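J.: Residue-level listing of the chains:
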Amino acid sequence: MTPGRGRISSHGAKPMIGVYDFSYGPYALGDALTWTMNLNVLAAEAGCDAIDEYLVIDPLRPGSSYQPFVNLHNYVSIIDNLFPAFLCSPMLRSLKLIRNLPSFGLFLLREVVRRRPMWPSFFGHLNRRLDFISHRRINAHYRKHGHLPWLTAPRGYGDWADAFHRSHAKGRFVVTVNVRQGRLSMTPANLYRDSPLPEWHAFMRRAAARHPDTLFLVLGGYSEWDREMFRLPNVLIPRAMGFGLGHELALLHRADLFMGSSSGFAAMATFCNKPYLITSIQRLFSSYIDVPVGARHYPFGNRDQILHWETETQDTLLEFYEKLRDRVRARPAP
Amino acid sequence: MTMKAEALPLGLRLIFFTRRVLNRLRFFPFTLLFVMLSAARRLSQLRQGLVIVRVGQATGKATDLPRNVMLWLDQVPAGPSGYQFDVCLHLPRDAADANLQDIFSTVLTFPRFGSVGLYWDASSLADDLPLWQKQNRSDAAEDVGSPGVKRLEEFFHADHGETALPIAAMRDAETVLKRQAGGAPVVCLNVPEELWSLVDVVTRERPDIWFVDLGVQSSRPTKVANYQSFFTHGLSLHERMALVQAADAYVGSFNVLGCTALLARRLTILLGGSSGSQPGHIRRGDVALWFPDPLEPRALTMEVLQFLLQLRDDSKGAHAE
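Line by line, the protein sequences are chains X and P. Sequential numbering from 0 applies to the first sequence in numbering that gives the first Met the number 0. Sequential numbering from 0 applies to the second sequence in numbering that gives the first Met the number 0.
Worth flagging that the hints you see were computed from the coordinates, not collected in a lab. If you're wondering where the values come from, they're calculated on a predicted model, not measured in any experiment. It is possible that part of the hints are untrue.
Claimed, not checked - Only pairs whose alpha carbons sit at most 20 Å apart, straight line, appear in this in silico SDA-like list of lysine to any residue: (1) X:K273 - X:P331; (2) P:K60 - X:D158; (3) P:K60 - X:K13; (4) X:K169 - P:Q56; (5) X:K13 - P:L128; (6) X:K13 - P:D126; (7) X:K13 - P:K133; (8) P:K149 - P:R92; (9) X:K13 - P:A125; (10) P:K133 - X:R109; (11) X:K13 - P:S122.
Stated by the list, open to error - Listed below are several chain P residues computed to face chain X (Cβ distance under 8 Å; list not exhaustive): (12) D96; (13) F103; (14) S114; (15) Y118; (16) I166; (17) F230; (18) S235.
As the list claims (entries may be wrong) - Derived list of chain X stretches under chain P, where covered just means 3 residues or more per stretch with a C-beta under 8 Å from a C-beta of chain P: (19) 79-85; (20) 244-257; (21) 294-308.
The beta carbon of each residue, even a glycine, is placed where N, CA and C say it ideally should be.
Chain P with its partners taken away, still in its complex shape (with noise of 0.2 Å):
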């Protein structure tokens, strides 16, 4: 936690002070001080509750952990300014979805994260929640596996904290799209491939828009010279969060780049996360449209197109100027 060092008292600044130099004079016996000195400040906050801790579990069958993850870190209530929390998280031992390293970048960027802990066995997570959080809380994980229809509307809804990605990959989002789009509106595109004769359309539609298209292919959606695909070009989960939030708006699945788009309020149109019937669509104002079930090709094109109209390509006339 970070506060204003005239506000703390005297000792707390001396404490403070002790650590900082321990914490520079990396050797022995100066190092075992500082341990401890580290310990005994760690359990002082523990039984003062000044810790928050998320514990959760996705040991069930579950679809999309990376964005299931993101749903439930986003609900962490905001403290002071400064105050961190830390995440426990029990994991399936035999999970073959290969996203492990998702769920780890997605922790990453919340800003306000502190330590994770990942596990794979319960009874490794029970020995270590009493130095996790205060031992009177409550130790039941909350399921992160399956989130439902509701949870996802409510994020859809919600007002959201920020997100803090790597520094480098936002660089590079931003270099990239004034290289190809210049002052150009940017869509970011992550739809399925039975959607691909909406891509085609759009991009037709829209020449002054440029389109990014982060989606999974096996082959090019549309010829236009206006779209290009980062498919192949090898970019991490930050790398492509980076490029959502640096683009003006999103069309695609309700995925964790669905997600980081709404979190970077940028004009969103969401498809899927639904099985049941749901309405067509849920309208969040001029700036988020989500569309739970999916919709027949044609209709669901028109609404884009609709939607994007919010988009004018301003920098012609500005360069003319």
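Excised from the complex, chain X in its bound form (with noise of 0.2 Å):
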């Protein structure tokens, strides 16, 4: 980060710039959101109270290295599908989506000159350098400050959130569930990393039967989740329901727990402060979020928030399940 005096500008804000380069980031819901929570901790560092984003798409060289899938003729589709990842800061005050290199060109030099607080630095980014896997700097944070500056429903959604479960979950424990299936996405990657689907459906299904009042969200693209999930009791699937990504978020922020496979949702649960069980988590992953393998918690993670690093059972699954429901429901009210 460039550390930067962070002019105080006319009303008193003082923002942090946070630029996300489609030529050398991914189009990922995980590391968008790891980006946000990066972005919100440097700010918070910074003693920033503002954040202005720049995402920056080449429409001639869209993608990186990382997604040669990604072309001219789709990225439309993809940054459309990525957006409301990009909204989930408390502080966000401005967001510019830059399809114009040498607009993002004027821009960035005028931050430059202002030596506003950037990430990636000016030089990180002439050098296409950012680190947007690892938890680092959210864990150097915490262990200083002892807290996090959490990530919170898109902007716009959380009232909408508010309301669906006045409307659709009053009086029941809501379960945010996402079962990562690469084979059933638009764009099929590490399908090893993917989660066994029958298990998930048999623990749907004992978990409401031993727990009538339980209400199962079920969030992930159109494409990702079987049929079976509409024959399974207490379950509500917001995607079939006419919503979408920022819909989902939202309710992700919104409900008692979230149960998934590592993926992008799990990177919400975890930056939004959820009680969570976060399984098949890959071994890799230990080094960039400095946790042993097998560890139960990340640094900053309380009792409630469970890493389980092997492949999911339903037998676990539902032993977690009723652990934490637990725990949730002897929490004193809000």
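Since each chain sits alone in its own frame, please combine them into the complex, following the hints.
T.: The structure is reproduced here in structure tokens:
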């Protein structure tokens, strides 16, 4: 990050500049949310109270080397689907999608001349270096301050989620669920990270039978869950109700619990401080998050925020669900 | 702006060539040179007034902001081929409509749109404006929130430019209608629940037409075989717009989908949009009808049936030949 003096703007806000250039940053929900969380943390470190986001796309070369399938003809759909992920910072003051590199060059130089705090730093950007995966800064901030500037529901979607809960989930114990199914996605990748769907189906049936007040909200792209989900008891599928990613992230933020495989929605649960169970975590991820393989919690996680490194079974899911449910229920009402 | 290379002066061609080379050499110090050259070019464009930006605000009480944004951007004056415009939109911080993604999606459908700035703070917008447009231009933002019946009427009668939906959305819409309807005419429905009797009657009276319903539904308004609701299909706004474009006609609300039908020059019946006393209907030749105020369902049903007489299923005859 460029530390910067962060010139105070005319109305007193001290902005942090965030640059997400898709020529070296991937189009991915988890990475976008981790980037936003890093931005929150760096803004807090720099004493900023506002965030200006720059999303930069060169239409002629819209994707990075990580995602060669992104091209001139499909990037609009991809950024359109991902857009709500960039709305989750409570400090968000402006968001610019810039598809004209000269225009971005001018904005960038202005921010550099003003010496505003920026992430990645100017030279980081010039060297196309962006650490969008690791929790290094997040962990360091937590160690230093004992708290984190959490993500929130996407801008404009929080009240809607409250209304949804009143109309569909009043008095219910709401669990948002996302079972990673790369094989069902529009851009299949890393299928070895997929979770076993039959185990989740069985778990949801058993949980609904034992705790009839449970309401599962199944999250994920329309193609990314199977038809069996329609047949399960106590399940609502927001995408099948006409809603999109912004609504899903807001519902997750307002839910009692998140359960799901390590993926984008799990990142949202992690960074908005929900009780959660995250399963099927890649061992490779250990060094990025600074958590030894097998450890149960992130450095900033509490006892209701559980990491399960192994592949889940219906028994482990039910066991963790009942444990977390009891703890959440025992909490005093806010 | 795209221009034929041979039409450019040698100096400009050299600059473009250098930029292209630098854009390939994506490492320091070439990236620094690229940024500086790009910024200089933008500055020059700004000084020459070659940049168009639309600045709007929707901070007051607004209904159906995605539609209003579409009405607003449709007014951007046409420029030379390839000319682009940028969009700055000042939005309310505490909006509860949960439609920000639809607003973003709507902006993306304008083929001449370049970049967009969404602002939740007036001072931030004011600070950025000199980099979006020439400094001596008016900084006054246009009100996007409440366009009024007059603006709706202008839009209804206007000739429009093209929209540019994502290729995948258009391909999928064409494919699904091909599979469902074959060569039969397709009508997109998007009517409020109080007009479900219209859906029931019209679908029964016209078994030769395939009806696709994009409206919000708590239950199915009719059981006829030539009707299908897509409400539970998890379609994005772009996908719904693509279905409207791929269909032959649209009957429904004057929202962003209704605007899409007009933009695509489909046979269109629009419902609502006015809170005052408007004439029974406003007509645009044989192509479009608009009922600004609520009409008694039976009378409206007859009007719709009459209008849809223009649609004939020629596919069976064609196959027989």
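J.: Between K133 of chain P and R109 of chain X, does the CA-CA distance stay at or below 20 Å?
T.: Holds. K133 of chain P to R109 of chain X sits at ~16 Å (cutoff 20 Å).
J.: CA of K60 of chain P to CA of D158 of chain X, is that 20 Å or under?
T.: Holds, at about 16 Å.
J.: Next pair to validate is K273 of chain X with P331 of chain X; report whether the Cα-Cα distance is within 20 Å.
T.: holds, 15 Å
J.: K60 of chain P and K13 of chain X: Cα distance at most 20 Å?
T.: Outside the cut-off at roughly 28 Å; violated.
J.: Just to be careful: measuring from the Cβ of Y118 of chain P to every Cβ in chain X, is the smallest value less than 8 Å?
T.: With Cβ-Cβ at 5 Å, under 8 Å, it holds.
J.: Holds or violated: are the alpha carbons of K149 of chain P and R92 of chain P at most 20 Å from each other?
T.: violated, 28 Å
J.: Are there three or more residues in the region 79-85 of chain X whose C-beta lies closer than 8 Å to some C-beta of chain P?
T.: It holds: at least three residues are needed, and the region 79-85 of chain X offers 4 whose Cβ sits within less than 8 Å of chain P.
J.: Would you say the region 294-308 of chain X counts as covered by chain P, given the rule of at least 3 residues with C-beta under 8 Å?
T.: violated (count 0)
J.: Given F103 of chain P as an interface hint, is its Cβ closer than 8 Å to any Cβ of chain X?
T.: holds, 5 Å
J.: Keeping to a limit of 20 Å between CA atoms, is the pair of K13 of chain X and A125 of chain P held or broken?
T.: Holds, at roughly 15 Å.
J.: Could you grab the alpha-carbon distance between K13 of chain X and K133 of chain P and see if it respects the 20 Å cut-off?
T.: Cα-Cα ~26 Å, so violated.
J.: Would the hint on I166 of chain P stand, with a C-beta cut-off of 8 Å toward chain X?
T.: holds, 5 Å
Comparing the model with each earlier hint shows violations of hints 3, 4, 7, 8, 21; every other hint is respected.
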